[in-house]
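Residue numbers (the working numbering), protein chains in the order written: chain E, 63 to 853; chain L, 32 to 235.
Treat the hints as calculated values from the structure; they're not laboratory data.
Possibly wrong hints are sitting among the right ones.
With a straight-line Cα cutoff of 20 Å, these simulated EDC-like cross-link-like pairs (lysine to aspartate or glutamate) come out [stated by the list, open to error]: (1) K54/L / D254/E; (2) K137/L / E160/L; (3) K212/E / D254/E; (4) K54/L / E239/E; (5) K190/L / D180/L; (6) K806/E / D761/E.
So the derived list for chain E, only partly shown, Cβ under 8 Å to chain L, looks like this [unchecked claim]: (7) I246; (8) F248; (9) F260; (10) P261; (11) V744; (12) D833.
C-beta atoms are modelled at their ideal positions from N, C-alpha and C, and glycine is treated no differently.
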Amino acid sequence: MTIVDPTAENIVVDPNVVNITINDKPVLARKGELIIAAADRTDDFIPRFCYHPRMSSVGMCRQCLVEVETPRGPMMVVSCMTPVAEGQIVRTATDTVKKAQEGVLELLLANHPLDCPVCDKGGECPLQDQAFSHGPGESRFVEEKRHYEKPIAISEIVYLDRERCILCDRCTRFADEVAGDPLISFTSRGNDTQVLTFPDEPFSSYFSGNTVQICPVGALTAKPYRFKARPWDIEQTESTCTSCSVGCRIVVQSSRDELVRFQGVDIDPVNWGWLCDRGRYNFESVNSTERLIAPLIKSDSGLATTSWSIALESAARIIRTALASGADSVAILGGARGTNEDAFAWASLADQLGITQRDSQLGDGLTPEIFNLEQATIDQTCAASTIILLSPDLKEELPVLYLRVRDAAQKRKSRILEFTPRDSGLTPYAWRSVSFEPGRQAQVVRETLETQEIQEQIRRGEVVVVLGRANLAENESFTLHALGEIFHAIPNAKVLPVLRRGNVRGAVAVGLTPQKNSGDAIDILTKAAAGKIECLILLGSDPLADVADSDLVARAFNRTRSVISIDTFINSSNRNADVVLPAAAFAEKTGTTTNLEGRISNVTQQITPRGTCRPDWMIATELGLSLGIDLGVSSLDELHQKMTSNIPEFSSCANNPIINSDGVLMVSEASATISRASVVLVDRNSYSYRLIVSRTMYDNAQSTTTSPSLVGIITKSAIYVNPLDLARIGVVDGTNIRVGIADKSIVLPVNAHSGVYRGTAWLPYNHTTVDVRPLLDITSDVVDVRIEQLH
Amino acid sequence: MSRLTDKNLVIAKEIIARYPRQKSALIPLLHLAQEQSGYISREAMVHLGELVGVTSAEVYGTATFYEMFRFEPIGKYLVNICGTMSCALMGAHELMHHAEKRLGVKAGGTTQDGMFTLAHAECQAACTEAPCLQVNYRYRLRVSTADLDNLIDDLEAGKLSEEIPAHGVLAKVRQHIAPDRGVGAVSPELVDQAPAWLNGKAAL
């Protein structure tokens, strides 16, 4: 919309612009806009509790009363429920309005305990602030206040204090409208009205932390922050979350040099202020006492603490020795965890050393070629008339993108055409959800796109394909073949690539990806298993725990002579490493990151790195010096300058302050296409089940297992089959069964799940108790397993 | 007690089919659940949520709004004795004391055999007939202590089972709507014609 100043000459009348007057000042508003939203663009603040610009208005709290002129004189209206009208005259601070606002506040406080001194919200509480600015100052109520049990845990993370609640409907509205998890609701009536979950059923939403952030009083508090800090001793900085590749803007808050809280920041192109609980609360892992704080070096009695100079020297010696037998004997795995600058420094070092074998993915993503297809942003995706999902379950892997796509389908008339091996979080919102057996997606996509109904829908407008890896137990080429079918039917479709690792797109752009036709992570590990790799450099990656093929990776590590790890924790891969260099974690370093749509935004240091940890880029330059290589940078600024001038994709963020707020899209040119290819269908024996292996939000990721508030909600391993198949296996829900392939098998509980299709079995990846990876063989196209009763 | 029985499940599906949106059927379904057990159990609420496609928290939120839905086991006969002004003046308190002594429970309690739940009630809009009480919301007017004794005797002996069904039963005759008169699962926004059974006449 363009807002036109009506007083200017050459007036162009925009039918969408409405002229109103707020407190005698002219204001331009959008047709259909609410008075309170228009007033938010002026200096006149209308007090409010229930109104939230990202949710529908309900007029619950009545605090935003204003006066509007009518032919019969001024009338009191609720400004969050009243749209603007041409010529409307609004007054927000007359004596009548003030009296009404004071009256409402007196009523809202009638039952509020005023326990601000012991309330987490005290000091940043809208109720407290507005009681001062718009309240009557004292109450006429002398009656006993309402009493409830103080706080009750409504989930593992969120606590509810019903005495403080003013029934604004923000949390319940968020759970229903935004998250789609209406697990909390108003219960009872009148004076007894209270927010509650169903008895004994927790508010187990992936987005529960947002309700704490938007609660306008201290009714909802979060376990990780309870009694940890007060708003006035918090220091904060704006940054970008790198837990996954959505790239939500956040405020990083610390107190006494320790992280205490992340809050979502509302930016239009990405997260709208929302965060998922994993991203919001896994800062606890940065504070973990298990963090690496000093370099470690292999000794007779295991890893021993050493100094940086000794560690760097021995790392350099190991690399030099390995390089002596050829550049092919060194490989770098990882690098998607850090900043663009970190990845660039390591890629530069690798360039200088001639190391071409590098991969920031671990065989669980897709080829970086997909970044060269015609790209769509998140906004373009959500504005498309058809959103084709050929992706993992967004709710599990990229939660805030799920919120955006769900919103597009619910409110913005986008239609979702989903191709999925099992029901996903978006299936209930899909216009059409088409299931396929892993390996057959290309055929299913082709047949579906040929139907008339689908073709009509496609002709309605833009088509965006959300593209990612839905299944770790199948060859990535199946997804690309299916994409080829989509491009064959819809040549102008755009792609939103959804690879999950935090900064994978930035790492790929700067060159932490296979170079000069050298192989990807799986090829590197296969070569290692054949004894052809002398030195593996692990850049914040843990292949022994993370690569889907445990057998391959174990053989690879057995045959690799030396391992150098740059990490924040001791993990299974660096437990026996030769050198472990402690890296600075998120919020301990500054730089930029790139999200899945190629949006570059800043990450900021807020606390001092633990111990002697250093950012990855600094480790790269220091290690370079030990190897006699000067990367030519002595500060982060220099590195950033060098990166923006050397990497054409990043030229857009050079000296661009927008990286500190909304972010800048990287320069991308569509240079690739994926065409139709013939696919060999792999038949399944009707006695076996085809595996779907995918990740869920809370798994054994290091940042989750080292966050005390999250570790308790990691799910235990189980296999899920269709209820009819469960009957066929002949066991009841929850029984331990044997899942086997060839000579390998694991024992774990089986559960019925109606979202899993017959003949397939869903095996969530990397959960606690049972390691499912022995079943997976990364070289096979698909994985068919037998499921048998234990005898 | 538990989820809907198979017999009630058939009725539930018929009720759901009457509404364009499944969750609109929630209140009649809650009545059905209350009819089945005398009160609405948690399992029943979970079941209703599954039937109409809402979470159990939403079922719980809706159900608890209404005072006459009960969530704890309750006697077969709920005896509500009015204690508001007119009835109080006409001896409601004495009536309550008598009832408490006779049934051996205090107001709000349920007898051991699960037959009676005794409760205070606010005005039941029968002030001219004070003191009044209701058994499962069926009136008894100008009730004396002797009347109350007789009433309890009759209820215990099952003499009034025709007139006063167990708590939760709304009516002896169940409403049936022929499938062709139901709105069916069509979203109201998509309905552009009056139902066929109106024969072209206005709805009201």
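Checked hints:
| no. | hint | in the structure |
| --- | --- | --- |
| 1 | K54/L / D254/E | violated, 24 Å |
| 2 | K137/L / E160/L | violated, 25 Å |
| 3 | K212/E / D254/E | holds, 15 Å |
| 4 | K54/L / E239/E | holds, 16 Å |
| 5 | K190/L / D180/L | holds, 14 Å |
| 6 | K806/E / D761/E | violated, 23 Å |
| 7 | I246 | holds, 6 Å |
| 8 | F248 | holds, 5 Å |
| 9 | F260 | holds, 4 Å |
| 10 | P261 | holds, 6 Å |
| 11 | V744 | violated, 36 Å |
| 12 | D833 | violated, 33 Å |
Consistency note: the structure conflicts with the earlier hints numbered 1, 2, 6, 11 and 12.
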